[in-house]
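Peer 1: Below are the chains, spelled out letter by letter.
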Amino acid sequence: MNLRTLIPVAGAALVLPTVVLAQDGPVAGVNASTDTVFIFNSLLFLVGGFLVFWMAAGFAMLEGGLVRSKNVTMQMTKNIGLFSLAAIAYYLIGYNLMYPLGSWSIGSDEAGGYLGAFGPAVLEAVGITSDAADDYGYASTGSDFFFQLMFCATTASIVSGALAERIKLWPFLIFTIILTALIYPIQASWKWGGGFLDSQRGFLDFAGSTGVHSVGGWAALAGALILGPRIGKYAADGRVTPMPGSNLALATLGTFILWLGWFGFNGGSQLAMGTVGDVADVSRIFANTNTAAAGGAIAALVLTQILYKKVDLTMVLNGALAGLVSITAEPLTPSLGAATLIGAVGGVIVVFAVPFLDKMKIDDVVGAIPVHLFAGIWGTLAVLLTNPDATLTGQLVPIIIVGLFVFVVSLVVWIVLKGIMGIRVDEEAEINGLDMSELGMEAYPEFSKG
Amino acid sequence: MKLIIAAIKPFKLEEVREALTSVGVRGMMVTEIKGFGSQSGHTEIYRGAEYAVNFVPKVKLEIVVADGMAEQVVETIATTAKTDKIGDGKIFVLDVESALRVRTGETNDDAI
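Read top to bottom, the protein sequences are chains E and P. Start counting at 1 in the first sequence, then tack on 620, and there's your number in my numbering. Start counting at 1 in the second sequence, then tack on 7, and there's your number in my numbering.
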């Protein structure tokens, strides 16, 4: 995920082409020229980037399907709002904060970087030649920016589902700006920007079980705690009142879209496609990512049948997503069998974590915390199973550091927002639905009430 | 004239309609309803939380027939909708004061 840690990967790509004379171009069937490597690496970022972009659609559909029909317009508004704000925040602040390229505001590459550089992202000029490229030996800056931006936006998407059906629009969007401009890029720089978790701790988090998914999960958990559960969700006698989603077909479509997008998320995180080895690795990652999702879905399918005597589709959808999150920290080294099992454990986690959160009276409308936070922690630890370079403390300590940072900062931001402007709609607005009370617009105006 | 109100299991609707048509019933009103009787609901699980379904889906038939036909209609519905399982439904018979066909102005037995 960062230019620096890529060097071992991309380095191999750069050494091999030197056997080929530059003027003669590549020898067919042997190696690619530097131009070709640059082009293919950039292409991987671009294709990966638009696949990850499409995950925004997946989150929107999943959340639109799992909220009640009276809150669908609001949920869609939050989804397109948060994505757009994330795009601007990452451009203005986030990108250079995450990738300071050695220019740390606090720390250094050698001693460990803690706070990156401040300044907006700047692309390469129009129509550059190879000698004007920022990193000719690797990939275009524009493709890298585009790809990384989508990951940042994904983090924000995770938060919106957990807090649905009761949070006010504007405080939520303000939190999104802080998350995507500061919280996400700062912690991501610690690993992917070459900061202290990378250089000092040997932390391994391939595409971000911790760096993206747990970060979104921690921010969502902090928000859910400050916001409180939906009215009527938890009865005084401790019973849980289910609030079934409005459209399980949309929720299923959303899950499949996320599953598709994940090929870009994990596959693109190989960060290079200029050699036979890289392309073979990207292929392994695609296959492992897919089978982990299947493992998670099947685990939830079987487990809900056994526990509840009937399959719960919403849990199966969450199970597939948990499988995807679980394999995200290490989608390359596992065999297909190991990847399936790693994903299946994610599915099991979800089936137990959803009722557990209800028992704690933490109301997470779409299961974002079990899927992204709990399975994210599991996935980060699961690196130990198949990657010999991983160490227990190298994984565990960064999980705790990132978790504490994101949870505490998010908690403070939510508390401040609550104090300044209030983060929750009033009781009448919540019961009538946010669509009419906050936006004056229904998602399904031709449906009768009832 | 009699008004026959029957609450039956939804999957029996088509069978009951056919049986009633074959004994000469020429019209009926059908509504999808929810309610409870001695079946009194059941429990389901959503995302690990058990909840009570207090109202069970049923279909309500409303049929107006001449006095002489009422018994046969009740009998037909009862035998056709019967599954011997709890929740088969109930049938009520009420007197009807008058009837009028809007298009022709015919009244009472001529109107049904």
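Treat the hints with care, since some could be wrong.
[Unchecked claim] Restricting the straight-line Cα-Cα distance to at most 27 Å, the calculated cross-link-like pairs of lysine-lysine (BS3-like) are: (1) P/Lys92 - E/Lys930; (2) P/Lys97 - P/Lys41; (3) E/Lys979 - E/Lys929; (4) P/Lys67 - P/Lys97; (5) P/Lys41 - P/Lys9; (6) E/Lys853 - P/Lys41; (7) E/Lys853 - E/Lys979; (8) P/Lys9 - E/Lys930; (9) E/Lys929 - P/Lys97; (10) E/Lys1038 - P/Lys16; (11) E/Lys929 - P/Lys16; (12) P/Lys92 - E/Lys981; (13) E/Lys929 - P/Lys41; (14) P/Lys92 - P/Lys67; (15) P/Lys97 - P/Lys9.
[What the hints assert, rightly or not] Some but not every residue of chain P turned toward chain E, in silico, with C-beta under 10 Å: (16) Gly44; (17) Glu51; (18) Ile52; (19) Tyr53; (20) Arg54; (21) Gly55; (22) Glu57; (23) Tyr58.
Calculated directly from the structure, the hints in this document are not laboratory data. Computed from a predicted structure; not experimentally measured. In this text, a Cβ means the ideal position worked out from N, Cα and C, and glycines have one as well.
Peer 1: Look at each hint and say if it fits the structure.
Peer 2: Structure-based check of all given hints:
Between P/Lys92 and E/Lys930 the alpha-carbon distance is near 21 Å, which keeps this suggested pair within the 27 Å criterion. For the suggested pair P/Lys97 and P/Lys41, the alpha carbons sit about 13 Å apart, so the restraint of at most 27 Å is met. Straight-line distance between C-alpha atoms of E/Lys979 and E/Lys929 comes to about 21 Å, which keeps the hinted pair within the 27 Å bound. A distance of roughly 10 Å separates the Cα atoms of P/Lys67 and P/Lys97; the hinted pair therefore holds under the 27 Å criterion.
For the hint pairing P/Lys41 with P/Lys9, the CA-to-CA distance comes to about 24 Å; that is within 27 Å, so the pair holds. Taking the CA atoms of E/Lys853 and P/Lys41, the gap is about 23 Å. The hint holds against a cut of 27 Å. Among the hinted pairs, E/Lys853 with E/Lys979 is consistent with the structure: their alpha-carbon atoms are about 11 Å apart, no more than 27 Å. A hinted pair counts as satisfied when its Cα atoms are at most 27 Å apart, and P/Lys9 with E/Lys930 does not qualify at roughly 44 Å.
Restraint check for E/Lys929 and P/Lys97: not satisfied, since their Cα atoms lie roughly 30 Å apart, outside the 27 Å limit. Straight-line distance between C-alpha atoms of E/Lys1038 and P/Lys16 comes to about 51 Å, which puts the hinted pair past the 27 Å bound. With a C-alpha separation of about 24 Å, the suggested pair E/Lys929 and P/Lys16 falls inside the 27 Å cut-off, and the hint holds. Pair hint P/Lys92 plus E/Lys981 does not hold up; C-alpha atoms about 39 Å apart against a cutoff of 27 Å.
The straight-line distance between the Cα atoms of E/Lys929 and P/Lys41 is roughly 25 Å, inside the 27 Å bound, and the hint therefore holds. Taken as a hint, the P/Lys92 and P/Lys67 pair is honoured in the structure, with Cα atoms around 18 Å apart against an allowance of 27 Å. Distance hint between P/Lys97 and P/Lys9 is fulfilled; the C-alpha atoms sit about 16 Å from each other, no more than 27 Å. A distance limit of 10 Å between C-beta atoms decides the matter here; for P/Gly44 the minimum to chain E is near 21 Å, and the interface restraint is violated.
A hinted interface residue such as P/Glu51 counts as satisfied when its beta carbon comes closer than 10 Å to some beta carbon of chain E; here the least separation is about 8 Å, so the hint holds. Hint status for P/Ile52 relative to chain E: holds, with the closest Cβ pair at about 4 Å, below 10 Å. Here the hint on P/Tyr53 is kept, as its CB sits about 4 Å from the closest CB of chain E, short of 10 Å. Hint on P/Arg54 holds. Least Cβ distance to chain E is approximately 5 Å, under the 10 Å limit.
Nearest Cβ of chain E to the Cβ of P/Gly55: about 3 Å, under the 10 Å cut. The hint holds. Annotation: P/Glu57 was flagged as interfacial toward chain E, and the flag holds, the nearest CB pair being 8 Å apart, inside 10 Å. Below 10 Å, beta-carbon pairs count as interface contacts, and P/Tyr58 has one with chain E at about 5 Å; its hint therefore holds.
Of the numbered hints stated above, those contradicted by the structure are hints 8, 9, 10, 12, 16, listed in ascending order.
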